[in-house]
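So the protein lines, in turn, are chains F and C.
Residues in the first sequence are numbered from 0 upward in steps of one, following numbering that gives the first Met the number 0.
Residues in the second sequence are numbered from 0 upward in steps of one, following numbering that gives the first Met the number 0.
Please keep in mind that the hints were generated in silico from the structure rather than gathered at the bench.
No experiment lies behind these values; they were computed from the predicted model shown.
Note that the Cβ used here is the ideal one computed from N, Cα and C, for glycine as well.
It cannot be assumed that every hint is accurate.
To be verified - List of simulated lysine-lysine pairs, PhoX-like, C-alpha gap at most 20 Å: (1) 58/C with 141/C; (2) 51/F with 83/C; (3) 58/C with 51/F; (4) 335/C with 304/C.
As the list claims (entries may be wrong) - Only some residues are given here: those of chain C computed to face chain F with a beta carbon under 7 Å: (5) 7; (6) 109; (7) 217; (8) 224.
As the list claims (entries may be wrong) - Label pairs and their in silico Cβ distance ranges: (9) 390/C with 65/F: 14 to 20 Å; (10) 2/C with 117/F: 47 to 53 Å; (11) 18/F with 308/C: 55 to 61 Å; (12) 304/C with 13/F: 15 to 21 Å; (13) 307/C with 231/F: 50 to 56 Å; (14) 336/C with 130/F: 49 to 55 Å; (15) 10/C with 60/F: 54 to 60 Å; (16) 37/C with 10/F: 45 to 51 Å; (17) 163/F with 307/C: 29 to 35 Å; (18) 110/F with 307/C: 36 to 42 Å; (19) 390/C with 110/F: 52 to 58 Å; (20) 199/F with 2/C: 50 to 56 Å.
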Amino acid sequence: MLEARGLYKSFGKIAAVRGVSFGARDGQITGLLGPNGAGKSTTLRMLYTVLKPDQGDAFIDGLSVIADPLAARRSIGVLSHGAGVYNHLTARENIAYFGELHGMSRSDRNARAAELVELLEMQEFADRLAKGFSQGQKLKTALARALVHRPKNVLLDEPTNGLDVMAVRGLRKLLAQLRDAGHCVLFSSHVMQEVEQLCDEVVVIAGGQVVAAGSLAEIRARGGDRLEDAFVALMEPGEVKSGGAP
Amino acid sequence: MNLRGIWAVFRKEFRENLRDRRTLLSALVFGPLLGPLLVSGLVQFSISHAEEQSDENIKLAVTHAERAPNLLAYMTARGIDIVKVDFDEAGARQAVVTQTHKIVLDIPEDFGARLQEGQPAPVILYSDSSRAFDRGGVGRVKWLASQYGLEIAQLRYLAAGIDPISVLPISVQEVDVSTPTSRSVIVLNAMTYLVLLSMLAGGLYLAIDATAGERERGSLEVLLTSPVPRQHLIYGKIFAAAAYMLISLVLTVTMFSVAMSFVGLEKLGASANLGPKAATTLIACCAPLILFGAAYLSIISGFAKSYREAQTYLGLVITIPTLPIMFAGLLGLQAKLGLMFVPFLSQHLLMTTVVRAEPIEPLFVAISVLSTLTYGVLLMALAGKLYKREGLLG
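If we strip away everything but chain F, and leave its shape as in the complex, we get (with noise of 0.2 Å):
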């Protein structure tokens, strides 16, 4: 479970992120859509501990990211915008690094590694060095990197960027998976029809606050029966209602 509770990050005299509150609850994907800019990274990267809200907090679990990030981070699975693996190690041997990061034992880690190898469909290359992988097979490794420890929340930052149909697919698939098995799901993303095939709960981010949030049939009802034409209304909110349905 995760909540943010008036999020606010500047850089500089850039304000980012303007008093963002939300909540994503397990069992459920929860999709943070908005234009590029909106704020929806330093959003996230607040809610996994790497950058400290100015003013606000954030709860993993309950446990807020700013008195305990340490412990916090134990509960939370990552994957960051561009999903960055080690060239130099092999798909298996970076699974288990963050594996002994979170502090399991040899034999866990490895079980573990060889478990998400499956889970993946990373049988192929998972004992060649990450340098000549393809976008697919990054983010495949840098995925089962973030679930090595089963963490009860998972956040991905723009997950489907650079990625072709069917790893795109495959994505879609195990996302619910970590759905049913009662994870708590958070992802990025700038593209409505991903969130539309997705999410069971949307918070629409533009300007650094959050302008919608509920689920699909909550936010269509407010902007339009599709949700591109809700997601267009609420960003020019003076201008679009006339729209309607199609």
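Assemble chain C onto chain F, guided by the hints.
Frame of chain F; chain C shown alone:
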């Protein structure tokens, strides 16, 4: 404090870089091989050149040799090969410039006449002082000419009834106190410099890769979400860089020891103290610097925005710690208590003492080791502080 995270990061960085050609080449090949080969090659060259010079007779081209047969006979008897030529002044200059003859002696027409009249009799010697290798020959010709003059003077005094000894009130006797080992230090001075540089270079690429490289690849952000305190992450990286520096240091000193044993230094009348025991002492003197060097390079490359930028920075900063050594060389500094507080310089001075086979002061070693380790720990703490900053993510 839970140190597991430091160990995990150390092992991963060490293993990953073991597979990185750049790290391996700089840690295990370039420094340890090139430095010792270069220095021993230079030493070998200067030895064989010196041998060649001392064996060879000096060739002297003489214009108008017929005007000074006795002088030339005197020189010939003392190892000068006379080549008779016929040049005017311009021709003599030209011959030296083009090096058809390295030294040309011109005997003026009135040489014999002036000598007989008891007037100063000049001879003209052409040589090129910018060619250092021939200075020995020129000096010898000059010295022989003045010795010949001196002998004539003594005969004149005798003829005038004066004891020739009384007109030489001062006689200079030279005593060279340099021992064979201390002489070799001149030859080996480049060595301490190369050892320290090679040591730093051993950890260079790891330091860049683990900081600027990790950020550029985009893996730093995820690393920071692991439940390991941020300062422990950088400590692990610094220790990994230190491990490569240690490997590089041990290999470089060992290679120097081996390479120098093949070079016939004793032919120069010099022998460097670089046996297994001295080599071990050298490594022990430098080892405390490793922590300092690794933290130093990690901090600098931590500031860089990209791998390339870090490379540019480090190419420059890697030479900064070795600057005091250059000053020491210029000023001829000797090991002193106060200098033992200066990192790199104290190691250089201690190494020089060891190579000279001079007794080494335990207090000096203690100060050098303790102060250098203290600086290293302080720099590590600073690196830990820097890794807590948000700006780290760029």
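>> For the restraint on residue 217/C, tell me whether the closest CB of chain F is nearer than 7 Å.
In response: Residue 217/C check passes; min Cβ-Cβ to chain F is 3 Å, inside 7 Å.
> Does the Cβ distance between residue 10/C and residue 60/F fall inside 54 to 60 Å?
Replying inline: violated, 30 Å
> Okay, residue 336/C versus residue 130/F on CB: inside 49 to 55 Å?
Replying inline: Distance hint for residue 336/C, residue 130/F holds at roughly 52 Å.
> Does residue 7/C pass the interface check with chain F, least Cβ-Cβ distance below 7 Å?
Replying inline: Since chain F brings a Cβ to about 4 Å from residue 7/C, closer than 7 Å, the hint holds.
> Does the Cβ pair residue 307/C, residue 231/F satisfy 50 to 56 Å?
Replying inline: violated, 42 Å
> Lying within 47 to 53 Å: is that true of the beta-carbon distance residue 2/C to residue 117/F?
Replying inline: violated, 33 Å
> If you draw a straight line from the CA of residue 58/C to the CA of residue 51/F, is it 20 Å or shorter?
Replying inline: With Cα atoms ~82 Å apart, residue 58/C and residue 51/F exceed 20 Å; violated.
>> For a C-alpha distance cap of 20 Å, please report whether residue 335/C and residue 304/C respect it.
In response: violated, 41 Å
> Has the hinted range 29 to 35 Å been met by the Cβ atoms of residue 163/F and residue 307/C?
Replying inline: holds, 30 Å
>> 15 to 21 Å was suggested as the range; check whether the CB atoms of residue 304/C and residue 13/F agree with it.
In response: The hint (15 to 21 Å, Cβ to Cβ) holds, given that residue 304/C and residue 13/F are roughly 19 Å apart.
> Given the hint that residue 51/F pairs with residue 83/C, does the C-alpha gap stay at or below 20 Å?
Replying inline: Given that 20 Å is the threshold and the Cα spacing comes to 90 Å, the pair is violated.
>> Hint residue 224/C vs chain F: min CB-CB distance below 7 Å?
In response: holds, 4 Å
Taken one by one, the earlier hints fail for this structure at numbers 2, 3, 4, 6, 10, 11, 13, 15, 19 and 20, listed in ascending order.
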